[in-house]
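Visitor: One letter stands for each residue in the lines below.
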Amino acid sequence: MQGISFIRIIGVGIKSLRLHKLRTALTMLGMVIGVWAVITLVAIGEGASHDAQEEIKSLGARNVIIRSIKPPSMREQMQGDWESFFRRWMAIYGLKRTDASRIKDTVPGVTRVLPLMTKRMTAIHGPREIGCQLIGTYPYYPEFTQAQLVAGQFLNEAEENSKVSSCVISLELAQRLFAGHNPLMERIVVSGYESSQVFQVKGVLQERASIEKLAQLPDSVGQTIAANVYIPLSSFKALYGEKNVDRSVGHLKLEAVELSEIRVEFDSVDRVMPSLPLLSEALNAGRDERDFEIIVPIRELKALQKQKARDTRLLMYIACISLLVGGIGIMNIMLATVTERTQEIGVRRAMGATRGDITIQFLVETLILCLLGGGIGVVGGWGFAWVRHHLLHTTTIVTEWSVLVAFGLSVMVGLVFGLYPARRAALLDPIDALRHA
Amino acid sequence: MAKRSIIQIKDLKKVYDLGAFKVQALKGLNFDIEEGSYTAIMGPSGSGKSTLLNILGCLDRPSNGAYILGDDDVAHMDDKELSGVRGSRIGFIFQSYNLIQQLNVVENIHVPLFYQGKDISDHYDHCVKLAEKVGLADRLDHRPMQLSGGQQQRVAVARSLVNEPLMLLADEPTGNLDSTTEQEILDILDELHGEGRTLVIVTHDDAVAERAERVIHLKDGLVDQDIRKGAAKAVAN
Chain A
0 MQGISFIRII
10 GVGIKSLRLH
20 KLRTALTMLG
30 MVIGVWAVIT
40 LVAIGEGASH
50 DAQEEIKSLG
60 ARNVIIRSIK
70 PPSMREQMQG
80 DWESFFRRWM
90 AIYGLKRTDA
100 SRIKDTVPGV
110 TRVLPLMTKR
120 MTAIHGPREI
130 GCQLIGTYPY
140 YPEFTQAQLV
150 AGQFLNEAEE
160 NSKVSSCVIS
170 LELAQRLFAG
180 HNPLMERIVV
190 SGYESSQVFQ
200 VKGVLQERAS
210 IEKLAQLPDS
220 VGQTIAANVY
230 IPLSSFKALY
240 GEKNVDRSVG
250 HLKLEAVELS
260 EIRVEFDSVD
270 RVMPSLPLLS
280 EALNAGRDER
290 DFEIIVPIRE
300 LKALQKQKAR
310 DTRLLMYIAC
320 ISLLVGGIGI
330 MNIMLATVTE
340 RTQEIGVRRA
350 MGATRGDITI
360 QFLVETLILC
370 LLGGGIGVVG
380 GWGFAWVRHH
390 LLHTTTIVTE
400 WSVLVAFGLS
410 VMVGLVFGLY
420 PARRAALLDP
430 IDALRHA
Chain B
0 MAKRSIIQIK
10 DLKKVYDLGA
20 FKVQALKGLN
30 FDIEEGSYTA
40 IMGPSGSGKS
50 TLLNILGCLD
60 RPSNGAYILG
70 DDDVAHMDDK
80 ELSGVRGSRI
90 GFIFQSYNLI
100 QQLNVVENIH
110 VPLFYQGKDI
120 SDHYDHCVKL
130 AEKVGLADRL
140 DHRPMQLSGG
150 QQQRVAVARS
160 LVNEPLMLLA
170 DEPTGNLDST
180 TEQEILDILD
190 ELHGEGRTLV
200 IVTHDDAVAE
210 RAERVIHLKD
220 GLVDQDIRKG
230 AAKAVAN
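Going line by line, the protein sequences match chains A and B.
Counting from 1, position 104 in the first sequence corresponds to residue 103 in numbering that gives the first Met the number 0; the numbering is continuous, with no gaps.
Counting from 1, position 104 in the second sequence corresponds to residue 103 in numbering that gives the first Met the number 0; the numbering is continuous, with no gaps.
Any given hint might turn out to be false.
Said to hold, decoys possible - In silico DSS-like cross-links for lysine-lysine, where the CA-CA straight-line distance does not exceed 30 Å:
#  : chain 1 : residue 1 : chain 2 : residue 2
1  : B       : 26        : B       : 12
2  : B       : 128       : B       : 2
3  : B       : 218       : B       : 9
4  : B       : 79        : B       : 117
5  : A       : 305       : A       : 56
6  : A       : 14        : B       : 117
7  : A       : 301       : A       : 103
8  : A       : 14        : B       : 79
9  : B       : 2         : B       : 218
10 : A       : 14        : B       : 128
11 : B       : 12        : B       : 218
12 : B       : 132       : A       : 14
13 : A       : 95        : A       : 56
14 : B       : 2         : B       : 132
15 : B       : 117       : A       : 20
What the hints assert, rightly or not - Listed next, with one range per pair, are the computed distances between beta-carbon atoms:
#  : chain 1 : residue 1 : chain 2 : residue 2 : range
16 : B       : 77        : A       : 310       : 51 to 57 Å
17 : B       : 139       : A       : 317       : 46 to 52 Å
18 : B       : 70        : A       : 4         : 28 to 34 Å
19 : A       : 319       : B       : 123       : 45 to 51 Å
20 : B       : 145       : A       : 24        : 20 to 26 Å
21 : A       : 20        : B       : 123       : 22 to 28 Å
22 : A       : 53        : B       : 100       : 54 to 60 Å
23 : A       : 385       : B       : 134       : 55 to 61 Å
24 : A       : 19        : B       : 71        : 52 to 58 Å
The hints are simulated quantities; they were obtained by calculation from the structure and are not laboratory data.
C-beta atoms are modelled at their ideal positions from N, C-alpha and C, and glycine is treated no differently.
Start from the sequences, fold in the hints, and give me the full structure.
Guide: Structure below.
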C-alpha cells in the first residue's frame, strides 16, 4: 500500500532491541558463539591440514621413500639360544645398492633413484661437539628433498669423482656448531667409533621437512635428524666401506645397514600408485624378511585430503546444530517479546499498521539479532584466527566459504525462526491486543 | 456552519458467534455524526458501547448494516484497507494512553504517519508543533516512562491529530487521571472542538459527557436516547 522506508523499519527494530539491552545481548550470544565457532574451527582445521599437506608435498608427490627398518626377528626379546642372541648382537639388514639399481631397471616410470647411506657421528668444531648424522648421497639430493641451499654450494659431480674431503652441513648444525659466524670454508671433524675425518664446509642446506612426523617407527635407522653432514656417496663408501656398521658402545650391539634410505622419483604423479606393486616385487626379490618400509607421500596426501573432507562435513554438522540451537533461543525470546509487547502491537495496528507491517517489523528485529550476532561472530572468529596465525604463529587459514556459510546460516535461521513469532504478532486481533495490559 | 455528515450509521448490527449461542451486541443502530460536532456515547456495561467503539474505530466490522465514514463504506473493507482507514481518517485516544515505550514524544506523535510511509524527517516540525500545542514543548525527547499520566495523554492527543483525521475517537480519555488533570485534558478537547474538529467520546463519566453537545445513550444494543444540547452548551462555556 505505502512504501515505508526499509531503513526506518530497521531503525524501529533497533529502538525496540535497545529497550532491553541485556536481553538482546544474551539472545545474540547463541548466534555469536555459533558463527565464531564455525569460522575458528574451520580455520584451525584448514591450517593444520595445510601444514600437513605442505609437509607431504615437500617430500615430493612424485617420490616414494623406501627406508631400512630392523626386521621383526631382530627386535624380539632374548630367546636364550645363541642364534637369536647373535642376530640381535650383529644385526645385518636393510636396503642394498643392488636394490636401488634393480628398482631403476625394473620399475617403469622411474626417472631417478637416490640412495642414502647414513651413520651416527659427532661433529666437532673447536670446543663444540654436536651429535650428527653423516649422510652419503648424490648431488641431486636437494632437488629430491626440496631442501634449500642457504649458503655456498651443494656437492657436485667433480667432487663425487675427485673424492675431495668437502661436505655440506644442515642449517641447524651450522647454527649450533658455528654459533653465528660463517661456516663456509671452515673445517670440521666428523668423529665416529672407528675413525675421525676432517671435512671442509662448502655449503649450508636447509631441510624443508622431515618424514618423522609422517611415520615414526622404532629402530629405524637413518632418521633424518636436523643436524646433518652431507658428503658424496663415493666418499662415504671409501671411508666407511660397503657395509656401514653402526656400533653402539656399551650396548654390545652391532648394526650393519648398507643403505638407510632409497628415494625413488617417478616421471609423473599418476605413475606412482600403479607402480607400487612392481616396486614391492623388485624389493622382495631375494628377501626372506621385510626389512624396509615404503612411504608414499601422494598416498598420505590423498588420505589426508579425504580425512579433511570428512572433518569439514563434521564441522558443518556442528555448525548447523549450534546455529539451530541459537535460532531456537532467538525464537523463544521473540515469542516472549511478542506476548510482552501485545499492547504495543495493538496500538500500532490502531495507528494504521497492517498485518504485513507488523510481520516485517518483528522479522526485521529477529534478523537484526541474527545479523548482528553473526557479524560479531565473524569478526571474533576472524580476529581469533588472525591472532593465532600472526601472534601465536600457528597456521590458521580463514576460508571464505566458512564465513559465507556461517553468516548465511545465521541469516537463514533469523528468517526461519523469526517468521513464526512475527506472524503470531501480526495475526493478533487488534481489539484483544489493545485490551492486553 | 455547514453540517456535513461525516459518519452515517444505518441499521448497524453486530452479532458475536460464540459457537453454542449467538450474542447480539448491536441490534440496529441509526445515527449520523456531523462534521465539527462533539458527541459523547454513554451507556451501562453490556449496552454495546465498546462494540460500537471498535466498529467506529474500524478495528472491527459490523455483521450487518452500513457504516459510511467520509465518503467510504468501511463496513465491507478488508483488514488491510481498514488499517489504512485507521491510519489516515481516525485519531485514537485511549484510556491507558497507549504510547510506545521505546519512542520519545515526537516519535510517538509521528507513529500514524509512519504507517502511511511518511518519513519523520519530513514531518518533524509538524510533530513538534503538535507537541507544543498540547503543552509539551520542553519534553520533546522524553520517553513515556519519564512523563506523568496527564502528560502521556497529551502526547496521545497530539498523536491523534497528526494525520488530520476526520474524527477523533476517544475511549474513556480521562479514566486513568485525577480530577485536575481530567479537566486539563477535557479543556484541550474543548479547544479542539472549537477549532472545528469532530470528536466522539465513549465514556460512562457524566462530567465528561457534560462537555459534549450531543449525548447518545445506548441500552441493550439500541439507541436509548439521543440528546442534542448545542445551544445550551455554548452558553455554559
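Visitor: Decide, hint by hint, whether the structure agrees.
Guide: Verification of the supplied hints:
1. 26(B) to 12(B): holds (5 Å)
2. 128(B) to 2(B): holds (28 Å)
3. 218(B) to 9(B): holds (17 Å)
4. 79(B) to 117(B): holds (18 Å)
5. 305(A) to 56(A): holds (16 Å)
6. 14(A) to 117(B): With Cα atoms ~18 Å apart, residue 14(A) and residue 117(B) stay inside 30 Å; holds.
7. 301(A) to 103(A): Holds - the C-alpha atoms of residue 103(A) and residue 301(A) are around 25 Å apart, at most 30 Å.
8. 14(A) to 79(B): Holds - the C-alpha atoms of residue 79(B) and residue 14(A) are around 25 Å apart, at most 30 Å.
9. 2(B) to 218(B): Cα-Cα ~27 Å, so holds.
10. 14(A) to 128(B): holds (24 Å)
11. 12(B) to 218(B): The hint holds at about 14 Å.
12. 132(B) to 14(A): holds (26 Å)
13. 95(A) to 56(A): The hint holds at about 27 Å.
14. 2(B) to 132(B): Holds, at roughly 26 Å.
15. 117(B) to 20(A): holds (28 Å)
16. 77(B) to 310(A): 51 to 57 Å: Holds - the Cβ-Cβ distance for residue 77(B) and residue 310(A), about 55 Å, lies within 51 to 57 Å.
17. 139(B) to 317(A): 46 to 52 Å: holds (51 Å)
18. 70(B) to 4(A): 28 to 34 Å: Given a distance of about 30 Å, which is inside 28 to 34 Å, the answer is holds.
19. 319(A) to 123(B): 45 to 51 Å: Holds: the Cβ-Cβ distance is about 46 Å, inside 45 to 51 Å.
20. 145(B) to 24(A): 20 to 26 Å: At 24 Å between Cβs, range holds.
21. 20(A) to 123(B): 22 to 28 Å: Since the Cβ atoms of residue 20(A) and residue 123(B) sit about 26 Å apart, the hinted range of 22 to 28 Å holds.
22. 53(A) to 100(B): 54 to 60 Å: holds (58 Å)
23. 385(A) to 134(B): 55 to 61 Å: With Cβ atoms ~57 Å apart, the hint holds.
24. 19(A) to 71(B): 52 to 58 Å: violated (40 Å)
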